[in-house]
Structure formats: C-alpha cells, structure tokens
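Asks: Knowing the structure of chain A, use the given hints to seat chain B on it.
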Amino acid sequence: SQQGEEDPQALSIQEGENATMNCSYKTSINNLQWYRQNSGRGLVHLILIRSNEREKHSGRLRVTLDTSKKSSSLLITASRAADTASYFCATRSNTGKLIFGQGTTLQVKP
Amino acid sequence: GAVVSQHPSWVICKSGTSVKIECRSLDFQATTMFWYRQFPKQSLMLMATSNEGSKATYEQGVEKDKFLINHASLTLSTLTVTSAHPEDSSFYICSSTGTSGSVLMGEQFFGPGTRLTVL
Chain A
2 SQQGEEDPQA
12 LSIQEGENAT
22 MNCSYKTSIN
32 NLQWYRQNSG
42 RGLVHLILIR
52 SNEREKHSGR
62 LRVTLDTSKK
72 SSSLLITASR
82 AADTASYFCA
92 TRSNTGKLIF
102 GQGTTLQVKP
Chain B
120 GAVVSQHPSW
130 VICKSGTSVK
140 IECRSLDFQA
150 TTMFWYRQFP
160 KQSLMLMATS
170 NEGSKATYEQ
180 GVEKDKFLIN
190 HASLTLSTLT
200 VTSAHPEDSS
210 FYICSSTGTS
220 GSVLMGEQFF
230 GPGTRLTVL
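Keeping their order, the protein sequence lines are chains A and B.
Final position of the first sequence in our numbering is 111; the numbers increase by one with none missing.
Final position of the second sequence in our numbering is 238; the numbers increase by one with none missing.
Same shape as in the complex, but just chain A (with noise of 0.2 Å):
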C-alpha cells in the first residue's frame, strides 16, 4: 500500500522561483528518497536521506527530514523550465520495498 503523501499534488511557478514539495509518511523508515520522473519516462533518484540526518543538499536541491512528524521536504531552488517534472517522495519499507507517495507535479513556466 501506498504510505506517502504529498502536497501540493500540483505546483505551477515561474523560472527563477523556488519549488517546495512535502511528503508524509505512516511508518517508521531507514530512509526516505526523493525522485523525479520526466513525462512517459523512468524515474531519476534524486536524494536520499537518511533517518538519522535533518537536512541534505545536492546543488540546488534541498531536502528536510522530520522524523517526529513522519514528514520530509524538497526544495528545488532557483527554478527552471527544466525541472518541470513529477516528483515523487519514497520511503523503504522492513522488507526493502519502496513505497512511494503520490507525487507532486511542478510546472516552471519560462
């Protein structure tokens, strides 16, 4: 079953914005992953945190863990046309499943 939740479902900004993204999940996690998905393509890993770190950068990527509240973030700062995608939070179940949220669709107008 599907255990993230993510707002806002959809996400329009213009170039040069940042893009916040957040993901809930039900469950106690090893670590929770961030990734990207192109339309009608595959899934890009963007991130990956673990459950013992807060915050974690990647160039213009940001992404936050709370454990307590079972809730993580991704910022994607400075925006471009480019990043205009699907993103989708996911956390690995005991078994090593991924389980992924519903996703949040960003659309950065130029």
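Quick caveat, the hints were computed from the structure, so don't treat them as lab data.
Backbone N, C-alpha and C define an ideal beta-carbon position, used for all residues, glycine too.
Only pairs whose alpha carbons sit at most 20 Å apart, straight line, appear in this in silico EDC-like list of lysine to aspartate or glutamate:
(1) Lys27/A to Glu178/B
(2) Lys98/A to Glu226/B
(3) Lys98/A to Glu182/B
(4) Lys185/B to Glu141/B
(5) Lys160/B to Asp8/A
(6) Lys160/B to Glu6/A
Some chain A residues near chain B, calculated using beta-carbon distances under 7 Å:
(7) Gly43
(8) Leu44
(9) His46
(10) Lys98
(11) Leu99
(12) Phe101
(13) Gln103
(14) Gly104
Replies: Frame of chain A, contents of chain B only:
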C-alpha cells in the same frame, strides 16, 4: 550510476494476446528486481519483487497467473502480461538493486518504462 534498460519501450497489442517485457541491468548484477505499474497521472504501484533464481513475491491484489515474472539471471527479469485486456494498459517500470548494496539501504535504479496499450 547503474543503468537499467527495458524492452520494448512501447507496445500495442490486441486483447487476448500475451506481451513480454524485459528488464536488464546493463553494468551490474541485480539480485533483486522490482516491477511497478503506473496509471496516467498516478504514482507507481509495486506489483512484485523478483529475486534471481526464486519465485517472485506478488503484492496483494496482483494476479500472479496474469503477470508472470521470471528472473532467470542476475541481469535479466521478464514480466509477461498474459491474455492482456484493455484495463492492463499502463506504464510498466522495473527497478533493481545491485548485489553489493543492501536492499534495505541502497539506491534503486529504474528502467525507462514500457508503455503497454491493449486494444
């Protein structure tokens, strides 16, 4: 990163026929492969977990006789949609983890997906 390929990238078939989708890890050995399906504008739903040399483990609600999975080698897993119907039309994506990383902690590498359309 590791590369996972899928073949075909898209397929159109008639109702009642069977379709085989291949998932290959190109530069690493994959002991575990996962098969997902994704409906338009929805998230990925895990269908089954495939371990090399053993029977696949299917998620609740997924018919194992309809979605046949074979993981005969460390680099190849296949998903066969048997007696396909229009409701089986979907985007099917595989992923795998390497032998060197823990399946609990490691990164999963995703294939580019296969678009199946059943007429």
